[in-house]
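So the chains spell out like this:
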Amino acid sequence: MPEKYSHPAVTIGTGPGTPCIPTPITLSVEPTSDEALMTAVRADHLDQLVPLFERYHGPLFNYLTRLTNDRETGEDLTQTVFERILKYRSSYQPTQPFKAWVYQMARNVHADHWHRLQKQRADDVDEVERTGGLRTAAFSQQRTSSSHDDLHEALALLPAPQREILVLHRFQGFSYDEIGQLLSCTAEAARVKAHRALQALRKIYFA
Amino acid sequence: MKLSEFSTCSELESLLPAYAESSLPTAEAERVVAHLPGCPACQQQLRELRALSADFDAALPEVPGTALRHNFMAMLEQQKQQLKPEAAFGGPAAPVAEQPAAKVISMWPTALASNWVRIAASIVLVAAGVFLGRQLPWSSQPGNTVATTAPATGQAAPATLAAALSGDSGHAVSASSRIALVTNSTKTAEPDDATVQVLLNTLNFDPNPNVRLAACEALYRLRDAPGVREGLANSLPIQTDPNVQIALIDMVVSLRVHRAVPQLQRLAKRPDALPVVRAQAEAGIGKLI
Ligand SMILES: [Zn+2]
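Protein chains in written order, with the working numbering: chain S, 1 to 207; chain R, 1 to 289.
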């Protein structure tokens with residue numbers, strides 16, 4: 001059995017630029033913060049990613065599944081997010097909120113996926129010409145969810161940016177402040193966008 | 001101008017979602033209340049918004065399949081294996097200082113060995129040059145310097161650009177060395193989002209404005225990489241040094257980063273910003289909108 005990393009002995013730096021003063025975190029009833037866990041992961045204590053996986057894989061899976069309308073893709077992309085967390089762990093700064101960092105990463109993973117998909121569709125054009133049959137919307141080939149209810153079907157018909165903002169706000173519990181940070185806009189702009197998206201969804205939902 | 005009532009229901013459309021979630025300021029809420037009784041269409045809209053909201057609250061989250069956890073655990077196990085020194089050195093051990101690139105490549109599975117590995121290797125080469133070659137003045141902490149830990153554990157990955165730049169592995173890296181690290185990070189091949197992340201972190205968190213400026217310039221060279229434009233826009237509210245502020249403003253304007261407009265607007269009104277910075281932000285908005 002290799003030497004095991006013992007859970008409570010996490011040390012964190014005090015932040016960028018300041019000299020590192022190792023701060024032992026004493027074991028207490030309180031759960032270890034996301035940031036302390038990720039700081040340990042960054043220091044190659046990879047087992048500390050397990051509690052982060054437990055906390056975040058459900059929300060991230062939901063986020064990515066809603067964005068892609070496809071459970072299988074949602075699982076693949078969630079896995080990719082955790083791979084990237086490990087791969088790029090040295091770029092994590094202990095002063096960064098882990099949640100913001102990981103969702104930014106999830107957005108990038110989704111963007112990469114989307115670009116691949118666009119490229120693939122462009123490549124498919126020839127095939128469409130050959131077979132003569134133009135497939136309808138991409139959505140029709142992808143069955144979203146086990147619980148395919150009207151709300152999720154309506155959401156799937158929204159443009160992706162509007163869908164994302166509603167998913168973040170209503171399913172992921174993001175505040176408008178947090179959405180603003182993630183989307184590089186003000187909290188007020190995020191609120192306005194969310195309300196517009198809700199109106200657009202209402203029109204689809206009650207059409 | 002008569003503001004006491006709405007000329008059209010379409011004006012109300014933008015207010016009703018906030019009204020439905022009870023977040024509308026009192027004055028506007030009162031106007032909605034005044035309009036509603038006489039307008040069945042808006043009443044209907046409000047009912048629909050509330051029903052939609054209730055359905056959101058009632059929606060159940062998707063539950064991931066067991067494969068996700070299984071795959072994650074497998075991936076984690078694999079990464080842990082690769083951290084072990086004996087796994088990292090398949091062949092004959094080479095002197096660390098001479099072949100840092102070989103060590104880095106062994107850190108990642110060959111399946112992932114694309115651009116990233118090349119970049120990582122070059123970054124660590126640069127870092128190793130600084131660590132081992134130039135003998136920069138660390139605040140020395142016995143047993144905690146990269147030069148001693150790297151050969152002992154056979155790991156070069158933690159001693160990457162990020163650790164070198166932040167100096168939070170216990171070493172105080174001089175500002176000029178950090179500038180060299182940042183500048184060199186983009187001189188190789190095609191960098192990917194790991195480099196971008198590190199540079200954005202440096203831009204936002206390095207205590208020295210000259211290092212932040214160097215990060216700014218390095219990011220400009222990577223302007224086509226994903227996340228760069230967004231990151232530059234996001235950095236605007238964080239910066240307090242006028243030189244960095246102006247450099248960033250120039251950059252988002254020349255890159256036509258429209259999403260930076262709200263940040264520029266806020267910067268233009270920031271009381272703690274220098275007048276020249278506020279003027280520059282104002283001019284930038286004019287060019288972007
Ligand atoms: Zn009306």
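Derived by calculation from the structure, the hints in this document are not laboratory data.
Careful, some of the hints might be misleading.
[Unchecked claim] Label-pair restraints from in silico Cβ distances:
no. : chain 1 : residue 1 : chain 2 : residue 2 : range
1   : S       : Ser175    : R       : Gly286    : 27 to 33 angstroms
2   : S       : Trp114    : R       : Thr26     : 27 to 33 angstroms
3   : R       : Pro242    : S       : Ser175    : 27 to 33 angstroms
The C-beta atom is built at its ideal place from N, Cα and C for all residues, glycine as well.
Hints versus structure:
1. Ser175/S / Gly286/R: 27 to 33 angstroms: 32 angstroms, holds
2. Trp114/S / Thr26/R: 27 to 33 angstroms: Given about 42 angstroms between the Cβ atoms, the range is violated.
3. Pro242/R / Ser175/S: 27 to 33 angstroms: 31 angstroms, holds
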